[in-house]
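Once you've looked at the hints, dock chains L, G and A with the ligands against the given chain P.
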Amino acid sequence: MEYTDKVCEYFRNPKNMGRIENPDGVGTVGNKVCGDVMKIYIKVNDDIIEDIKFETFGCGAAIATSSVVTELAKGKKIEEALKISNKEVVDFLGGLPPIKKHCSLLAEDGLKAAINDYRDKQKNSAPSPIKSEDKQL
Amino acid sequence: MEYTDKVCEYFRNPKNMGRIENPDGVGTVGNKVCGDVMKIYIKVNDDIIEDIKFETFGCGAAIATSSVVTELAKGKKIEEALKISNKEVVDFLGGLPPIKKHCSLLAEDGLKAAINDYRDKQKNSAPSPIKSEDKQL
Amino acid sequence: MIYMDYNATTPCDKRVLEAMLPYFGDEFGNPSSLYQSARTAKKAVEKARADIAVLLGCAPEEIFFTSGGTEADNWAIKGAAFQLKDKGRHIITSRIEHHAVLNTCKSLEKVGYEVTYLPVDKYGVVDIEELKNSVRKDTVLITIMYANNEIGTIQPVKEIAETVKEKGVYFHTDAVQAAGKIPLSVKELGADMLSLSGHKFYGPKGVGALYIKKGVKIAPFMYGGEQEKGKRAGTENVPGIAGIGKAAEIAAKEMVEEEVRIKKLRDRLEAGIKDRIPEIVVNGHPEQRLYNTLNLCIKHIEGEGILLHLDFEGICASSGSACTSGSLEPSHVLLAIGLPHEIAHGSLRLSLGKHNTEQDVDRVLEVLPGIASKLREISPFWNKGK
Amino acid sequence: MIYMDYNATTPCDKRVLEAMLPYFGDEFGNPSSLYQSARTAKKAVEKARADIAVLLGCAPEEIFFTSGGTEADNWAIKGAAFQLKDKGRHIITSRIEHHAVLNTCKSLEKVGYEVTYLPVDKYGVVDIEELKNSVRKDTVLITIMYANNEIGTIQPVKEIAETVKEKGVYFHTDAVQAAGKIPLSVKELGADMLSLSGHKFYGPKGVGALYIKKGVKIAPFMYGGEQEKGKRAGTENVPGIAGIGKAAEIAAKEMVEEEVRIKKLRDRLEAGIKDRIPEIVVNGHPEQRLYNTLNLCIKHIEGEGILLHLDFEGICASSGSACTSGSLEPSHVLLAIGLPHEIAHGSLRLSLGKHNTEQDVDRVLEVLPGIASKLREISPFWNKGK
Ligand SMILES: Cc1ncc(COP(=O)(O)O)c(C=O)c1O
Ligand SMILES: Cc1ncc(COP(=O)(O)O)c(C=O)c1O
Ligand code: FES
Ligand code: FES
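Protein chains in written order, with our numbering: chain P, 1 to 137; chain L, 1 to 137; chain G, 1 to 386; chain A, 1 to 386.
Next up, chain P with everything else stripped away, as it sits in the complex (with noise of 0.2 Å):
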């Protein structure tokens, strides 16, 4: 497995990593090629992710792509934090080997997972539009 610097360096000091306890949002995710998991969790404040953690069992570039995935979605916008694709994630690194491309997407994956896990739980708990605002208290 030829990976670049970056990921083995993201894979041996990966950031973000662990739990949050009463998450706002969380997102298991299967990656459909391998059978690799991960999850993120989020705590979400106006909109803006506060905190994201992620656990992961998976292969060396699911644990960097997880790092990176939750680096570069803290303090974004929820908005914003969608937009962030596994392309992103691997040109991040510098690439990936093409039998591990797949791993990225989980990243992706993942992250989505928890914001929908997010966005549903406010429309349940909260149903009128001044739903952040209650969360706030």
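Hints are not guaranteed to be accurate.
To be verified - As a list, the in silico PhoX-like pairs of lysine-lysine whose alpha-carbon atoms are at most 20 Å apart: (1) A:K47 to A:K253; (2) L:K101 to G:K229; (3) G:K106 to A:K217.
Unchecked claim - Derived CB-CB ranges, DEER-like: (4) G:K264 to A:M255: 24 to 32 Å; (5) G:E313 to A:K110: 54 to 62 Å; (6) A:S373 to L:G95: 53 to 61 Å; (7) G:E366 to A:V111: 30 to 38 Å; (8) G:G25 to L:K112: 48 to 56 Å.
Everything labelled a hint here was simulated from the structure, so no lab data went into it.
All C-beta atoms in this analysis are idealised placements derived from N, C-alpha and C, irrespective of residue type, glycine included.
Frame of chain P, contents of chains L, G and A with the ligands only:
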């Protein structure tokens, strides 16, 4: 090809090579397996092979066995010479590679053909029982 | 660097390389040529054949050189299948074979052969009764590996061979991981064909051999010149063949001592890991296992991560087999012994050899627990409350 | 020793051996493994692939390593035949191919393929018109060698490739004797597949390559691991591959100069023999011929005797091709160019190479006439009255 030293020796310095002018018998045989050709010339006196020579178009084994068969036959009575087998020739040379066994048949057959030729000529030229005396004249 | 991946490949023994060198240089002749200098090459090939014959306890004429274990497996299976195609087109193998066997069988399925893939028990052992029951009238070949490359399980090959003999079917065994490691005698065994590969026992890569019992006829695999008695064409890889011969000679002499030494190291490694890392599974048969092989699953984490961290520490190991490390599926062997997908994914194979020392073992024991913890920290499956 | 049998095999160039050595020792890793040290091996394989690609003027991805020329030929022919079996089962080749091609074709005849063996003219050249006329609707492959190993005749491969392209049939060429000797560009040529072998151009024995043009699909020949993009399984012969790569690199650089030097020697040899020995026939095309090859028949005598005498003088040569030197039949190539049996039997192939000098040539010229006379003296066909 793994020839014994003796085969090499006989191949390099064959005995009795060449022709006999006005021979008493000539045998020309072709090898069914490889198409090679041997010619044996004999000079017979008093039922004894007084002189014998060969010409061979064939492999190293063919040349070596030609030489050996002439040596073995020289000075022998016709009856005895007919008993010379290719096995005897091969043994004399310390063996031949399996793929070369057939070459020694050429030598045996060549000698027999020469003797037959001699006998045929005897029959034709002197059909009486006193043919050998005739010849001595 | 600590190398613990001897089942993937081994370095050439220095004596092996030395035995090879003349045939690159002065003695470079083509063994098929007539002249003196080529005969030296020819002799080297025949000496190697005799050395392999000694290793396997057979006659030199029963050894045919190939380009490796893969070719030997392909040849044995296809050669038997094609030779006996008018007798029948059913083949029996197991689910834990090397891909050289499995994929060859699969390729035959595409051209009208039927293949039974026998299941194995949780240790990776083929059930002899099941094997017996699978033999049909049109079965022409049974191919069961001697020792598994991933988990090290050694099959009851002799019993299998006996079963097969009763049924009058050809029996081939892929002994690529066994030959040169453990004593084996084809005569005792009664196998009809046996594959081996040089680079698994300190010989060179790119050369192997197929034992074909006298009287057993299989179709050639490669056509061309009259090399290997017309059964395997192609100019002989003389240095390679001289090398595998030397490796066989050395193995025959040193194998038994090495077994004692390496088994001790492996057992120390196994015990040490069990002591230091919770929730692990050791794969393979507890006793009937290659003495150098330790295959384990560290639950809740994935194998590649372990390998990368080990690599950062200068430790070479593998997960699954080397030749499928480009693949994303968990090992077919681990699935066959009944491990669930996510556990199978976390496998680590440490296979020891000639150059390993106690220090190597201790270094792995020092490093591995930390790696396991680190990856478990990131894992969604690990109960951090513990 | 004077070696004049470079078409049979060549010694490894010293630089080639040097390029190989690390991969027997420190860099022995399995290229399929993940860790750092194995990546060095992987890189060596990819570098070699690129070097061969330069030699042939193609992309590295189009090069697949094999165990030699024979495997490359077998694979190309069988792989194409099996891949296209639903399209048709007719193959065209020539009567002067190497046995690696001929015998592979014959093996296919046994399983339902039809093969046309094109005749050649007295120089050994295939008739393009005849080739065109032989192409049928069900023709799937044409395989014609680049340069003949016995007589050195070079085929009009480019014209053949063009003919073939019109017809939409796969075209393979056995370039085992051409690659590394003469510049060739598969792109210019338009071949779909091309075989070469390391030990014919100062690389190691036991390693070759098959060029497969991008887009051309053929069935794999060996099944197993995912090596060579899943097209040719088996742990890579890393030292061998590094060696053939280095040999290609050297050939690409030095080929043209060598051609000039060696051709001069060969021509001097040819002229000298013609001057000194009566009743000889020089075989092969007068111009379209490998610059290093001199094949001649010394009438009235048989080839083996010449070789033995040359061997006594320390001169290595051959009669026919090396791999059939165990055979008793005269060369199929010489029969195909129309020589009668007894003349074909007296053939002598002198093939020159890197280490030959003018002195070598002169020594052969000194010795050969005496050998010819001596054998002619014994020959029943030689008219001693002359
Ligand atoms: C059990 C087994 N069979 C076959 C092979 C293939 O051997 P090779 O790599 O020499 O082609 C291997 C190793 O790769 C193996 O472990
Ligand atoms: C024209 C030709 N094709 C194929 C081969 C076979 O190559 P190898 O000996 O590497 O298998 C040879 C030489 O032996 C050859 O000269
Ligand atoms: S292989 Fe599964 S995520 Fe990379
Ligand atoms: S090969 Fe013809 S006589 Fe020996």
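To see whether the hints hold, each was checked on the structure:
1. A:K47 to A:K253: Given that 20 Å is the threshold and the Cα spacing comes to 16 Å, the pair holds.
2. L:K101 to G:K229: Cα-Cα ~17 Å, so holds.
3. G:K106 to A:K217: holds (19 Å)
4. G:K264 to A:M255: 24 to 32 Å: About 56 Å separates the Cβ atoms of G:K264 and A:M255, which means 24 to 32 Å is violated.
5. G:E313 to A:K110: 54 to 62 Å: holds (56 Å)
6. A:S373 to L:G95: 53 to 61 Å: violated (30 Å)
7. G:E366 to A:V111: 30 to 38 Å: violated (59 Å)
8. G:G25 to L:K112: 48 to 56 Å: holds (50 Å)
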